[in-house]
Amino acid sequence: MSIELPLDEEQRDALQELLNISMGQAANSLAQLIETKIDISIPKISAVTPTELYSLLFETQNALYTRQSFLGDIHGEVMSVLSRRGLVEVATLMDYDEPLSKEDTQEIILELCNILAGACLAGLSEQLELTTNLNMPTLFQPDKTNFDELQWQHSLVMEVQFVITVSSFSMRVVFCLDDESLKRMKNTLDELLG
Amino acid sequence: MFEQLVDKLPVGIGIVDESFNVVYLNEFFLDRLPQELRNDFKQKPINILFHGQEKFLKRRLKSVFVLQHPSFSYWEQRPHIFPFKSSRPITGEETQMYQNMEILPIKDKKSGDRFACIFLQDVTAQASYFRTQQKLSEALKKEHAAQVKLIRKLDQAQSQLIQAEKMASTGQLAAGIAHEINNPIGFVAANLDTLSQYATHLIAICNGVHERLEDLNEDIKDQLEALYSTHHYELLKEDIAELIEESSDGLARVKDIVQNLKSFSLQTAEGIQTIEVCTLCNQLISLISAQYGKPQYKFDCALEKIEIMGDPGPLKQALMNVMINAAQAINDKGFIKLTVIEKGDTVVFKILDSGCGIPQNNLKRIFEPFFTTKPEGQGQGLGLSVAYTAIEKHQGKISISSKEGKGTVVEITIPKFITSTQSVEEDLADAE
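Read top to bottom, the protein sequences are chains U and E. Start counting the first sequence at 53; every next residue gets the next number (our numbering). Start counting the second sequence at 293; every next residue gets the next number (our numbering).
Bound conformation, chain U alone (with noise of 0.2 Å):
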């Protein structure tokens, strides 16, 4: 990423131990409802421009998107990346029948996500003590044209990849933070940190 963070190295340690922190909680909750053991990635913090956001969504080929957002203390969105590969063991043990219908399919990665977004944005609230509500995710999908157009400059993104190792399925959560909430979220690591 060719863009300089926006955070300094501290603040950045302090997030990133944040970040460990409640994606462990989140791969933990889907782990307990769904009773197989699953990996994470240590979480990448980085700043994007739309263009580098659109191919880090990319970088999964043949998959599912969904999208996010959530409002409160922090504003942002919160985009899932789902591979369609493992997707059905997945789906067997969130308990649906086979074969999935196209709705079953749209239904567990929109389910996925929301467990996981919303672990994951629960943890990180949490621990800097600010309110956030998730709203309801939607199917998503991402458009390089309109990625061209957007209006922001650039974005702070975390992005934090789960394995199912059982069914090879894997899924990536990027948070987005619009600029107001970066600041916030500064001052807010500056006191934990202070």
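Incorrect hints may have been included.
Unchecked claim - Straight-line C-alpha distance at most 27 Å; calculated DSSO-like pairs for lysine-lysine:
no., chain 1, residue 1, chain 2, residue 2
1, E, Lys354, U, Lys89
2, E, Lys625, E, Lys586
3, U, Lys89, E, Lys625
The set of hints was computed from the structure by calculation and includes no laboratory data. These numbers come from a predicted model, not from an experiment.
Assemble chain E onto chain U, guided by the hints.
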């Protein structure tokens, strides 16, 4: 007051405890419960009260209790969670209610007990609207596809028309030139005829003089003999008749070709008329053989005369295009045989050549406009597609079978009488 407000809200609100037993239902839910259950719903499992998607509901409730995090469900994926009727039982087009559901985890502040709060939204109107829109958009898509197809067809027809137009103007040009050539041919032929007579006379005079040589005195005899020999009289006498005969033969051939060209040139507004097929075929062969000299041409017809009704322009063009293809398929040596057979109410033209043939995978594309295997600039790939259209207009059929390296047979079947002239015009209108 709050209780009243919650009761009157246009959304369903229900609260269940950790064993999924109902703690509270607002009026939205109560209105839709069977009469006998209305006063007796508390502490009953929610999945017993509302049959339908109990497995799904339990799963979502479990998820909310375990994760302490809201869960959502949309009508698009799961339209009817609770078995409720549409809010418009009389006029509504939908019979079942479309629902969006949200389940929130809540906690009793005093006791610390955990509950799940179910919000249910009636989105039948939106769903119904959305589905109508979707149907509309699908219909539009279909119509669009049909139009694209039609436009493609029109494009093809247009390119064929352009080609036909080109052929017609080339034909007119040829007819014009033919007419122009006819005049000089006329007087050259007449002059040649006179010249031939004059030559006969001249030779007769010379012969007469030659015979009388002995009667003349030695001096004049010698002079005359020298004159005969310097001008190679013996050779000249034999050659002159031959030369003139050859020239008039050549001229006759030129005349023939011009005549054929004239009668074969395409006239655009000919319309349906009687066509004599055998003459047409002979003209065709002499025209093509003038241009393509390598193949041997054979014409075979059991009858002397076959008359059909048709539009001569397109029909000639179709036969010509097929014949040209046959001629071009022969590189060095070979033959082209045109057979005409009368078969009941139809006439069959069979064009057989011993040329290079058509590869199997090209065979199904040969009638496509612009499909050609010739190098760029040597063919537009319109010949057979134009032929196809012309034959179709005559309610005929064209079929091709070919073997690579062996040759090709094209069979064109045309009814002698077009059932009604109107249909031809309709076809033309279709093409436009």
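Hint check:
1. E/Lys354 <-> U/Lys89: Satisfied, since the Cα-Cα distance of roughly 19 Å is no more than 27 Å.
2. E/Lys625 <-> E/Lys586: holds (6 Å)
3. U/Lys89 <-> E/Lys625: Answer violated: lysine 89 of chain U to lysine 625 of chain E is near 79 Å, above 27 Å.
Of the numbered hints given earlier, the model fails hint 3 alone.
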